[in-house]
Amino acid sequence: MIAVALVVGFGLSWYALSDGRFFGAIDVGPWSAWRDAGSPTPDPYTRAFVSRNGALQLGASEGLQFVASADSDGQRLDRSCRYRIDGTTPVATFWTLVPTAPDGTPIARPGGPAAFNSARIARASDGSMQLYVSRALSPYNWLEITGDGPFVLALTLYDTSSFAGVGPTVATLPSIIREACAS
Amino acid sequence: MTRTVLWLLAGVVLGGVIHLAVILSLPSLAANAAWARVEALDALGKPVVLPTVVPGEPNALHLDPELAYAVCRMDLRQGAGVVRGVLPLAFWSVAVYGRTGTILYSTTNRDGIGQNLELGIFNQAQTRLLAQQQLDIAEGLLIVESRDDDVFVVIRLAPPHQAMRKRYEAALQKISCGTIPA
Numbered sequence: 000m001i002a003v004a005l006v007v008g009f010g011l012s013w014y015a016l017s018d019g020r021f022f023g024a025i026d027v028g029p030w031s032a033w034r035d036a037g038s039p040t041p042d043p044y045t046r047a048f049v050s051r052n053g054a055l056q057l058g059a060s061e062g063l064q065f066v067a068s069a070d071s072d073g074q075r076l077d078r079s080c081r082y083r084i085d086g087t088t089p090v091a092t093f094w095t096l097v098p099t100a101p102d103g104t105p106i107a108r109p110g111g112p113a114a115f116n117s118a119r120i121a122r123a124s125d126g127s128m129q130l131y132v133s134r135a136l137s138p139y140n141w142l143e144i145t146g147d148g149p150f151v152l153a154l155t156l157y158d159t160s161s162f163a164g165v166g167p168t169v170a171t172l173p174s175i176i177r178e179a180c181a182s
Numbered sequence: 000m001t002r003t004v005l006w007l008l009a010g011v012v013l014g015g016v017i018h019l020a021v022i023l024s025l026p027s028l029a030a031n032a033a034w035a036r037v038e039a040l041d042a043l044g045k046p047v048v049l050p051t052v053v054p055g056e057p058n059a060l061h062l063d064p065e066l067a068y069a070v071c072r073m074d075l076r077q078g079a080g081v082v083r084g085v086l087p088l089a090f091w092s093v094a095v096y097g098r099t100g101t102i103l104y105s106t107t108n109r110d111g112i113g114q115n116l117e118l119g120i121f122n123q124a125q126t127r128l129l130a131q132q133q134l135d136i137a138e139g140l141l142i143v144e145s146r147d148d149d150v151f152v153v154i155r156l157a158p159p160h161q162a163m164r165k166r167y168e169a170a171l172q173k174i175s176c177g178t179i180p181a
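Chains as they are written, first to last, in numbering that gives the first Met the number 0: chain F, 0 to 182; chain A, 0 to 181.
What the hints contain is simulated information worked out from the structure, not anything from laboratory work.
Keep in mind the model is a prediction, meaning the values are calculated, not measured.
Think of the CB as a built atom: it goes at the ideal place given N, C-alpha and C, for glycine as much as any other residue.
Careful, some of the hints might be misleading.
[To be verified] What follows is a set of in silico ranges between Cβ atoms, one per label pair, in the way DEER data are often shown:
#1 F:G148 with A:A162: 30 to 36 Å
#2 F:Y14 with A:L7: 17 to 23 Å
#3 F:R108 with A:E138: 45 to 51 Å
Starting from the given sequences, assemble the full structure and let the hints guide the process.
And the structure:
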């Protein structure tokens with residue numbers, strides 16, 4: 000009984016604070032965000048997440064950060080693969096997309112740009128975009144990453160009200176499509 | 000068989016209790032990592048511009064490499080906190096954090112405050128004095144009430160291009176930040 004209690008108690012707590020699904024984080028496709036992380040009165044799960052995470056959270060009026068650790072098919076993001084980030088983003092003053100290691104260290108090529116910035120990407124005539132994150136050379140907007148192993152993508156929307164429940168449109172986020180993988 | 004199921008069920012219920020205890024006690028038990036890192040900076044009563052996030056270098060505060068950040072810590076027991084400055088014409092935002100890493104207040108320069116940052120942070124006693132007009136403050140100060148005495152302010156500034164980062168960081172360094180003695 001004690002073993003079951005310990006596994007359930009600590010396992011559930013760990014899951015709730017790392018993945019967050021069903022516990023206060025919102026999911027849009029492969030992306031998830033702690034919507035209340037920037038609120039002055041977060042719910043207990045968000046409060047525990049903020050304490051454990053140690054990041055400087057964005058305030059509710061500053062923006063919202065989405066994190067993806069898997070692609071749109073649910074496979075874990077791997078640095079040996081090429082990923083296409085395809086689609087549109089919700090209305091925001093600007094956004095950035097940063098590939099990082101799971102501990103938050105940026106993994107872009109040293110000396111090059113560390114992130115995509117919405118102000119500096121090429122778009123299609125309908126406003127949609129195609130971003131590539133990979134170690135190997137890719138077309139359109141390409142961010143070169145380095146190293147091996149898993150990584151996460153952090154999409155930060157600055158000055159957005161898309162998820163505040165007041166916008167007229169249903170917010171959509173771009174999909175993350177896995178293309179070729181180096182063997 | 001029934002006895003085993005009952006034991007397992009009791010284990011699951013006890014697990015639920017442990018889970019709730021962990022979630023509810025974590026903020027008070029765990030020394031907040033963000034606060035500890037900010038405390039390690041020499042930012043009490045003055046702005047500290049955080050180093051640029053570089054690929055391959057640890058980024059414990061999970062900062063955005065595209066942005067420039069200034070942090071200033073305040074002890075409201077010494078008096079109300081004031082942050083003042085003029086920032087470049089680009090997106091910037093300001094957030095006030097408490098000791099637990101919770102954000103007490105945040106705003107952006109789109110909220111009608113333009114280039115001028117004028118923020119006053121008052122604890123509950125100081126807010127009461129303010130309401131009784133026993134505290135002299137400058138006109139136009141954005142007033143934030145804080146339930147914590149230990150707070151820090153983070154100003155985020157987005158340089159339109161990385162080539163402009165140095166100039167934008169210099170503007171952040173010029174921000175005045177501190178407490179006004181009661």
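Hint by hint, here is what the structure shows:
1. F:G148 with A:A162: 30 to 36 Å: The hint (30 to 36 Å, Cβ to Cβ) holds, given that G148 (chain F) and A162 (chain A) are roughly 32 Å apart.
2. F:Y14 with A:L7: 17 to 23 Å: Once the Cβ atoms are compared, 19 Å apart, the range 17 to 23 Å for L7 (chain A) and Y14 (chain F) holds.
3. F:R108 with A:E138: 45 to 51 Å: holds, 50 Å
This entry satisfies every hint, going by the numbered hints stated previously.
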